[in-house]
Amino acid sequence: MTISKDKIGALIFFIFSTCYGYYAFQIPLYPGEEYEVFTSQSMPKLYAILGMGVAALALLLSVIEDIKNKNSQQPTAKPTAPAFFDKKGWTQCAALIGLMLYYALTLEFLGFILSTISFLIIGYLILGERKPKTLFFASVPVVIVFWAIMTQLLGIYLSAGDLWS
Amino acid sequence: MSEGLLLGLETALSMQNILFVIFGCFVGTFIGMLPGLGPITAIALMIPITYGIDPSSGMILMAGVYYGAIFGGSTSSILINAPGVAGTVATSFDGYPMALKGQAGKALALAAYSSFCGGSIAAVFLLIAAPALATVSLSFQSPDYFALLLLGLTAIAAFSSKGSFLKSIMMTLFGLMLSTVGTDQASGVERFTFGKIDLLDGISFLLIAMSMFALSEALMSIIRKKQADDTMKQATPEVGSLKLTKEEVKDVIPTIGRSSVLGFFVGVLPGAGATIASFLAYGMERNLASAKEKLNFGKGSLRGLAAPETANNAACSGSFVPLLTLGIPGSGTTAVMLGALMAYGIQPGPRLLIDNPEVFWSVIVSMYVGNIVLLVINLPLIPYIARALTLPKQLLTVLILFFSLIGVYLVSFNTFDIVMMAGFAIIAIGLRLLNFSMSPLILGFILGGMLEQNLRRSLTLFDGSISFMWERPITLSILILTVLVLIMPLRAAFKKDDKQGAQPEVAEL
Chain A
64 MTISKDKIGA LIFFIFSTCY GYYAFQIPLY PGEEYEVFTS QSMPKLYAIL GMGVAALALL
124 LSVIEDIKNK NSQQPTAKPT APAFFDKKGW TQCAALIGLM LYYALTLEFL GFILSTISFL
184 IIGYLILGER KPKTLFFASV PVVIVFWAIM TQLLGIYLSA GDLWS
Chain B
171 MSEGLLLGLE TALSMQNILF VIFGCFVGTF IGMLPGLGPI TAIALMIPIT YGIDPSSGMI
231 LMAGVYYGAI FGGSTSSILI NAPGVAGTVA TSFDGYPMAL KGQAGKALAL AAYSSFCGGS
291 IAAVFLLIAA PALATVSLSF QSPDYFALLL LGLTAIAAFS SKGSFLKSIM MTLFGLMLST
351 VGTDQASGVE RFTFGKIDLL DGISFLLIAM SMFALSEALM SIIRKKQADD TMKQATPEVG
411 SLKLTKEEVK DVIPTIGRSS VLGFFVGVLP GAGATIASFL AYGMERNLAS AKEKLNFGKG
471 SLRGLAAPET ANNAACSGSF VPLLTLGIPG SGTTAVMLGA LMAYGIQPGP RLLIDNPEVF
531 WSVIVSMYVG NIVLLVINLP LIPYIARALT LPKQLLTVLI LFFSLIGVYL VSFNTFDIVM
591 MAGFAIIAIG LRLLNFSMSP LILGFILGGM LEQNLRRSLT LFDGSISFMW ERPITLSILI
651 LTVLVLIMPL RAAFKKDDKQ GAQPEVAEL
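Heads up: the sequence lines are chains A and B, in that order.
Numbering of the first sequence is given in the working numbering, commencing with residue 64 and proceeding in unit increments.
Numbering of the second sequence is given in the working numbering, commencing with residue 171 and proceeding in unit increments.
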């Protein structure tokens, strides 16, 4: 039996639905609510059951398909062939996700302007931009103009930074 | 109707709203042109801006972005054979060969004229169908709505563009599950908050839309960098003359008429949308063509280009019918619009025509304005907008990340939302790698609350009995239709394996 994308997806969803179902039973009810037809737990429980059922069906169909292919001696559909997935791309993607977390941590601490300028410059650097001129013009003016539109034109408050206050 | 139309004209033709349509079409074209980014991303990026303006203007802006993005997708399909959105894949079949023959300008002009005609004809249908359907649906009660919502959720999975029915159902359920996070509106009980105050209000729809579409599409473009680079490296052909001869116009007029009607009706069906409409129109046109003409399909046939282009725009207008009249979105894009409308405090559905007629009518009128803008302003600017395809990808990607994050932050002013976005982006990347479609998820998430509310009300109305499912003829009819929609693809899933072969890496509609 090969592990195809379908099976991985169905299996993950089955586990997720099971966990979701478990927590659905933990939703607190008011005294006497358990005798009502429809409670806060009703829909979550229904979704969990349906989720497990659909995931199980998807898994079953994948297994049947495997057996059929084996019997007819047809080559099984190629499980996964991520043709264009290079290591560099993955590293950059992970670094950008880390950068988002950095932005969340620094936005209110350093203030919008400083935090955003650093976010953009680091982001460009991660993706391979090295020209200082481009790094500067694609970050500082963008942030200043955005900040001016938001605060001066639309009157929206943007954090000045806890560090400076 | 004439009063409403006048109200719509008055609203849509105000200077501010015309500027919004122009801006929306321009931004939509720009984003739609970038391979991998579709109308959902374009609209999601616009939502934070629309919070500061009145709902009519917001909807007008988003409608403009929608058409612009479809048009932008056609441009990249024709110029570099890289459809920005799924609805324009069929456009590349004949559009790109025309560009290779040095007729890129002609192909772009034909695409623009076809889109204009398809959109305009469908807007006339919408003008007639939407108020009529809204009047009928005024008699709908909670049980009917519950059934309709089920139909909408099932249909989008059944017609899912990625072809895998069970996967789409799983994604719909995932969306429904996410919609239960937060405080239960009826009882006030906390559900799945794990003691976190930030989750008490639930997960914001904008956060889900931004992370599942904008963020994950931008990040996926890095993972698939090699493919994207190869696409971008292709020399953008010279646009050339935009003129069409009289004979050519005569040749495509019947095609445009047929495809408009087909596109509109396919668009009205929940879940079908522009992608299916464009392929159906292309197929229909090829079948209707003479044996000699058939040979030209795929090699630069004008009819082969006009058909999908007309149908996808007509379907875009058609998808507004269920949204405006029943409050049920017909596609992922209209689901995002529904979420935005609900965030404004407006409930789409039959009451929209009565409670907020200016929103209802101005959206319809803005469709004409949007189509004219695309034709008059965007078409001559295409050679310049096409330069977007040569912009450094690394700058664009980071800017999209920034606008997505700040867009959500500016609504909640809570940095926890940015952390959640990063988390959902990771989940979305995983799901995309496993070939899961995101549209059913967003639809399930948005409709989840309404589904629960209507089921609760129906049960209260019928003393806790589920007899409303068969006692009300409308409910019963809709439920039978839902079961049919559910059974057909399920049978197919049992009969044959899922065709998941080479799926084009395009944005969803």
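A hint or two may mislead.
Pairs of lysine-lysine residues, derived as DSS-like cross-links and limited to a Cα-Cα distance of at most 30 Å, are as follows [unchecked claim]: (1) B:Lys416 / B:Lys469; (2) A:Lys150 / B:Lys563; (3) A:Lys194 / B:Lys563; (4) A:Lys151 / B:Lys464; (5) B:Lys366 / B:Lys416; (6) B:Lys563 / A:Lys196; (7) B:Lys469 / B:Lys420; (8) B:Lys464 / B:Lys420; (9) B:Lys366 / A:Lys108; (10) A:Lys70 / A:Lys150; (11) B:Lys563 / B:Lys420; (12) A:Lys150 / A:Lys108; (13) B:Lys413 / B:Lys271; (14) B:Lys462 / B:Lys271; (15) B:Lys413 / B:Lys464.
Non-contacting residues of chain A with respect to chain B, defined by C-beta distances greater than 12 Å in every case (computed) [stated by the list, open to error]: (16) Ile160; (17) Pro195; (18) Ala211; (19) Leu226; (20) Trp227; (21) Ser228.
FYI, nobody ran anything at the bench for these hints, they're computed from the structure.
Yeah, the Cβ is synthetic: ideal placement off N, Cα and C, and Gly gets one too.
Right, here's what the structure says about each hint:
no.: 1; hint: B:Lys416 / B:Lys469; in the structure: holds, 21 Å
no.: 2; hint: A:Lys150 / B:Lys563; in the structure: holds, 18 Å
no.: 3; hint: A:Lys194 / B:Lys563; in the structure: holds, 15 Å
no.: 4; hint: A:Lys151 / B:Lys464; in the structure: violated, 45 Å
no.: 5; hint: B:Lys366 / B:Lys416; in the structure: violated, 66 Å
no.: 6; hint: B:Lys563 / A:Lys196; in the structure: holds, 17 Å
no.: 7; hint: B:Lys469 / B:Lys420; in the structure: holds, 20 Å
no.: 8; hint: B:Lys464 / B:Lys420; in the structure: holds, 18 Å
no.: 9; hint: B:Lys366 / A:Lys108; in the structure: holds, 22 Å
no.: 10; hint: A:Lys70 / A:Lys150; in the structure: holds, 25 Å
no.: 11; hint: B:Lys563 / B:Lys420; in the structure: violated, 41 Å
no.: 12; hint: A:Lys150 / A:Lys108; in the structure: violated, 41 Å
no.: 13; hint: B:Lys413 / B:Lys271; in the structure: holds, 15 Å
no.: 14; hint: B:Lys462 / B:Lys271; in the structure: holds, 20 Å
no.: 15; hint: B:Lys413 / B:Lys464; in the structure: holds, 24 Å
no.: 16; hint: Ile160; in the structure: violated, 5 Å
no.: 17; hint: Pro195; in the structure: holds, 14 Å
no.: 18; hint: Ala211; in the structure: holds, 14 Å
no.: 19; hint: Leu226; in the structure: holds, 15 Å
no.: 20; hint: Trp227; in the structure: holds, 17 Å
no.: 21; hint: Ser228; in the structure: holds, 16 Å
The structure is inconsistent with the numbered hints 4, 5, 11, 12, 16, although it conforms to all the rest.
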